[in-house]
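Please model the complete structure; the sequences and the hints are all you need to start from.
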Amino acid sequence: MGEFGPLTQAVIDGNGKKVLELVSKALGEKATPASILSEHLIPGMIEVGKLMAEGEYFIPEVLKSAKSMNGALEILEPLLAQGGRESAGYVIMGTVDGDIHDIGKNLVCMLLKGSGFEVVDLGVSVPLAKFVEAAKAKDGKIILGLSALITPTLDEMPVVIKAIEEAGLRSRVKIMVGGAPVTKEFAESIKADGTAPDAPSAVTLAKSLLAA
Amino acid sequence: MNKKERFQAVREKRAPDYMPVWPRVMSQMIYAKGWMLPDVTGVDWYDSDKITEAVLDSIKVVDYDLAIPTYCDYAFGVPPLGGKINIPTKFGVAAGTTDQQPVMTKDDWSKVQKKLASYDVRTADPRMKGALEVVKNVSKAVGDEVPLCPMYYVGTTAAMFLFRPNEAFLEDISEDPEWVDEMCKLATDWSLDWIRAQYEAGANSVAFIAETMGTLMISPKDGERFNLPNIARVVETVKKEFNQPTWLHIHGDMKTPKAYSYLTKLAKEAGVEGFHFDENNPPEWIKEQVVDKLGVSACIITDGARIVSGPVDKIRAEVKDWMSRIGDGLGLMMAPSCQVLPSTPNEHFKAWVDATHEYGSYPLKK
Numbered sequence: 483m484g485e486f487g488p489l490t491q492a493v494i495d496g497n498g499k500k501v502l503e504l505v506s507k508a509l510g511e512k513a514t515p516a517s518i519l520s521e522h523l524i525p526g527m528i529e530v531g532k533l534m535a536e537g538e539y540f541i542p543e544v545l546k547s548a549k550s551m552n553g554a555l556e557i558l559e560p561l562l563a564q565g566g567r568e569s570a571g572y573v574i575m576g577t578v579d580g581d582i583h584d585i586g587k588n589l590v591c592m593l594l595k596g597s598g599f600e601v602v603d604l605g606v607s608v609p610l611a612k613f614v615e616a617a618k619a620k621d622g623k624i625i626l627g628l629s630a631l632i633t634p635t636l637d638e639m640p641v642v643i644k645a646i647e648e649a650g651l652r653s654r655v656k657i658m659v660g661g662a663p664v665t666k667e668f669a670e671s672i673k674a675d676g677t678a679p680d681a682p683s684a685v686t687l688a689k690s691l692l693a694a
Numbered sequence: 612m613n614k615k616e617r618f619q620a621v622r623e624k625r626a627p628d629y630m631p632v633w634p635r636v637m638s639q640m641i642y643a644k645g646w647m648l649p650d651v652t653g654v655d656w657y658d659s660d661k662i663t664e665a666v667l668d669s670i671k672v673v674d675y676d677l678a679i680p681t682y683c684d685y686a687f688g689v690p691p692l693g694g695k696i697n698i699p700t701k702f703g704v705a706a707g708t709t710d711q712q713p714v715m716t717k718d719d720w721s722k723v724q725k726k727l728a729s730y731d732v733r734t735a736d737p738r739m740k741g742a743l744e745v746v747k748n749v750s751k752a753v754g755d756e757v758p759l760c761p762m763y764y765v766g767t768t769a770a771m772f773l774f775r776p777n778e779a780f781l782e783d784i785s786e787d788p789e790w791v792d793e794m795c796k797l798a799t800d801w802s803l804d805w806i807r808a809q810y811e812a813g814a815n816s817v818a819f820i821a822e823t824m825g826t827l828m829i830s831p832k833d834g835e836r837f838n839l840p841n842i843a844r845v846v847e848t849v850k851k852e853f854n855q856p857t858w859l860h861i862h863g864d865m866k867t868p869k870a871y872s873y874l875t876k877l878a879k880e881a882g883v884e885g886f887h888f889d890e891n892n893p894p895e896w897i898k899e900q901v902v903d904k905l906g907v908s909a910c911i912i913t914d915g916a917r918i919v920s921g922p923v924d925k926i927r928a929e930v931k932d933w934m935s936r937i938g939d940g941l942g943l944m945m946a947p948s949c950q951v952l953p954s955t956p957n958e959h960f961k962a963w964v965d966a967t968h969e970y971g972s973y974p975l976k977k
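These protein sequence lines are chains A and B, in that order.
Numbering-wise, the first sequence is residues 483 to 694 according to our numbering.
Numbering-wise, the second sequence is residues 612 to 977 according to our numbering.
Rather than coming from a laboratory, the hints here were simulated on the basis of the structure.
Zero decoy hints are in this set.
Where chain B lies over chain A, by a calculated footprint (3+ residues, C-beta under 8 angstroms):
(1) 540-554
(2) 582-596
(3) 666-679
The following label-pair restraints were derived from C-beta to C-beta distances:
(4) A:K673 x B:A928: 21 to 29 angstroms
(5) B:S935 x A:P488: 52 to 60 angstroms
(6) A:R654 x B:N613: 54 to 62 angstroms
(7) B:G754 x A:G650: 57 to 65 angstroms
(8) A:S569 x B:D718: 36 to 44 angstroms
(9) B:S785 x A:A563: 27 to 35 angstroms
(10) A:E647 x B:P974: 47 to 55 angstroms
(11) B:D650 x A:T514: 57 to 65 angstroms
(12) A:G510 x B:S954: 51 to 59 angstroms
(13) B:S872 x A:G553: 28 to 36 angstroms
(14) A:E647 x B:K722: 44 to 52 angstroms
Every residue, glycine too, gets a C-beta built ideally from N, C-alpha and C.
Here is the structure:
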């Protein structure tokens, strides 16, 4: 593990109380919300992603760090909005119909928000029509993230992709799929635009899909 | 060889006539019959006749080599503890989806503990009562020629399914590990009772327990704390009371040094006889590092995407390739990945089972 400042380290440690204290202190010392986010909080979550990829961190540890960061975001988001922060992109997220699991999805939402994305979380067991409706409601190039944990509900992912195609939205809606049973091969087989093995990688994927 | 003799040969690392195949979960059996979950179960009922038919078809028609009539339902037992479940209408899945877990906050725990103290797994949940009827029916139909395994979860997975919402439980692991110890112990006690009931109903082979957090969701260190002692307890109890060994289904990449150390403890300290992994572990690694090095039996896991998408000739080619990668193939059986979708055509499963039996004839061809 590298050397990090106290705020970044508090995010890595998942110490929510300390994160809030240090964010308040930084704001009191006139640090900008954007700099707190980009120079301290996001590097913390990037390190968490690395630790997860290296097999040092697992879901409980990542969850703790993400919740710490989310607590900080609740303070920073209104301030960032006042400052006219530029959005990194627009993402619609949801767990597919029939599946009520949301840990992975929630983690991805938290990290995307922390990375500057506007995130619309449709929740769990989202009906097909709701995904299409949400995609129609936002113009331009956007990302649709579909999550599933239980294997039987994976069947719903290609159904949603087909519905997006039939609605004439596919050219501007990039679709990423994720969840424990989702593999790269599965994502390719259903013609999704990508998948990521963990929440931090999903942020990288979202950035690359919008840049492509 | 009959199916029981074939499985016994794998357990003893002898050559069977051909490699046996582990069955797919109940959802696939149900879906293969053209039924959806609400056709065979409700919140408080379970159609034992239909489910018996599905299990027997999986043995007789698809030709799987094991029967696991309670494989698997992670809402079993939840309503009598105060949880609310629903039965998904859209998918032919085996698991009732849990709407509200019995322990939403720690304040609920004492009430649930009281319910557990007088919980009778044979009668408390009509769905479990129906499942025991299936075990009896299947046992009567297959006699002693087919391994009939009791099944449930253990440790953290059992505690999560029985008691707590997923995300809250994973937070508990960091925030309140002593409580997690307690929940895992009581969930494993419940699991043991359920396994006992299945043996009494006619199960005749190894106990099959599943710990799906494995090294996929929690660290090997947490696995050693929360699961290793509970798995050891199941192994010991099943051996003592039913003279049967225990096999464990565990998710995650077991190849990393920390995960392999945990796996070694599961084999050597807890005494697990056989492992059913997920697709993170390739067949040659399973043969060399698990069967040959640890001296236990194991399943090699077929890539779910291949069975799902087919076509039949590619499924057969993949099975043939795998058989060429596992040396003498002793101590191994074939198992499906958890990624297999319920809408997978039955002919894909049949082709996979038939190819395993054909290309897995012993001695294996190099």
